[in-house]
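Student: Sequence lines, in order, name chains A and B. The first sequence runs contiguously to residue 150 in my numbering. The second sequence runs contiguously to residue 141 in my numbering.
Hint data in this document are derived by calculation from the structure and do not stem from the laboratory. Any given hint could be a false lead.
Residues of chain A placed beyond 10 Å of chain B at every Cβ, according to the derived structure [what the hints assert, rightly or not]:
(1) Thr12
(2) Arg32
(3) Lys36
(4) Pro45
(5) Gly61
(6) Pro88
(7) Val89
(8) Asn92
(9) Asp94
(10) Ser98
(11) Phe105
(12) Trp125
(13) His129
If you only want the chain B side, here are some residues facing chain A, beta carbon under 10 Å, derived [claimed, not checked]:
(14) Arg13
(15) Ala17
(16) Pro30
(17) Val46
(18) Asp51
(19) Asn52
(20) Thr59
(21) Gly63
(22) Leu64
Each residue gets a CB set at the ideal place from its N, CA and C atoms; glycine is no exception.
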Amino acid sequence: MDVLKRASAAGTPPALEELVAAIPYCRFLGIRVDRKGSEVTTILPFSQHLIGNPVLPALHGGVIGAFMEVTAILQIAFETGGEALAKPVDINIDYLRSGRPIDTFGRAHITKLGRRVINVHVDIWQDQHTKPIAALRGHFLVAGDVDAAG
Amino acid sequence: MSGVPHAAAIGMRVISADGGQVVCKVPHDPKFVGNPETGVVHGGVVTTLLDNACGIAVTSKTGLAGQIATLDLRIDYMRPAAAGADIFAHAECFKVTRTIAFVRGVAFQSDRDDPVATCTAAFMLGSKSGEGANLPKSGAA
Chain A
1 MDVLKRASAA GTPPALEELV AAIPYCRFLG IRVDRKGSEV TTILPFSQHL
51 IGNPVLPALH GGVIGAFMEV TAILQIAFET GGEALAKPVD INIDYLRSGR
101 PIDTFGRAHI TKLGRRVINV HVDIWQDQHT KPIAALRGHF LVAGDVDAAG
Chain B
1 MSGVPHAAAI GMRVISADGG QVVCKVPHDP KFVGNPETGV VHGGVVTTLL
51 DNACGIAVTS KTGLAGQIAT LDLRIDYMRP AAAGADIFAH AECFKVTRTI
101 AFVRGVAFQS DRDDPVATCT AAFMLGSKSG EGANLPKSGA A
């Protein structure tokens, strides 16, 4: 992707807002990103089309998983500066609390940056960072590996 | 799937659901692309399809609609979901205890033996204590 290649050539982290805007699925979910220094926070503004349980109402579990996956991929792009997006190998999602119909925020932490595989942990929360609504632990293939899926 | 706004938003359809066995489908849509360079569908679409299919499998096995909550979901991504092709999910609820239902699922395109992803999931069944995400406090369906 252009935005990644330009950043990689310049040796700087990619412009994450531009990256998110270039990914159709991120636009569909409405994901935004906020960067303060080296700290990246993803934002999932509430929208009616993200609801999975209209009775509660609550966000769809798949949307929660997708948002965490995007958070992980953006953090990897930000920290490793590759020319392509990292690809998921496997993810484990813990659903901790109901996703209420309000904005959701996410932060990812790279636990280990290997040569081929990256271990990432993601937490997402709504009104209090200390009360995550879900967590993800996942393995991602370093961009450029031909075996990668997704 | 008109009762589930996000499932409707991705055009998800239930093809069959009986006795804990479910087949669902998401039609291809350009808005699902996760990598504009390759046209590959974002993993989140597969996650959503599998999560929803697994939930329906639990409902079809237990008859508990709206009183189940995903506890955890593990997904293994086997290959990219090719651009331009529909994605199917087959989910099977294979064990139900008093409080938990266990489900496995597979997402595929043209060939079930060449999966895009597989998953295992555990769901909380309606309980008075209300643990687990997305669980109604009362028995609202």
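Student: Could you run down the list of hints and mark each one as holding or not?
Tutor: Verification of the supplied hints:
1. Thr12: 20 Å, holds
2. Arg32: Given that every Cβ of chain B is farther than 10 Å from that of Arg32(A), nearest at about 16 Å, it holds.
3. Lys36: 25 Å, holds
4. Pro45: 14 Å, holds
5. Gly61: 4 Å, violated
6. Pro88: Incorrect as stated: the minimum Cβ-Cβ distance to chain B is 5 Å, not above 10 Å.
7. Val89: 6 Å, violated
8. Asn92: With a cut-off of 10 Å, Asn92(A) comes too close to chain B, as the shortest Cβ separation is near 5 Å.
9. Asp94: 5 Å, violated
10. Ser98: Given a closest Cβ separation of 5 Å, the condition is violated.
11. Phe105: The assertion about Phe105(A) holds, with a minimum of 16 Å to chain B.
12. Trp125: With a cut-off of 10 Å, Trp125(A) remains clear of chain B, as the shortest Cβ separation is near 13 Å.
13. His129: The claim holds: His129(A) sits with its nearest Cβ about 17 Å from chain B, beyond 10 Å.
14. Arg13: 15 Å, violated
15. Ala17: This hint is violated: Ala17(B) lies away from chain A, its Cβ roughly 17 Å from the closest one there, beyond 10 Å.
16. Pro30: 6 Å, holds
17. Val46: 8 Å, holds
18. Asp51: 4 Å, holds
19. Asn52: Holds: closest Cβ of chain A sits about 6 Å from Asn52(B), inside 10 Å.
20. Thr59: 12 Å, violated
21. Gly63: 17 Å, violated
22. Leu64: Given a least distance of 13 Å, the restraint on Leu64(B) is violated.
This entry does not satisfy hints 5, 6, 7, 8, 9, 10, 14, 15, 20, 21 and 22, going by the numbered hints stated previously.
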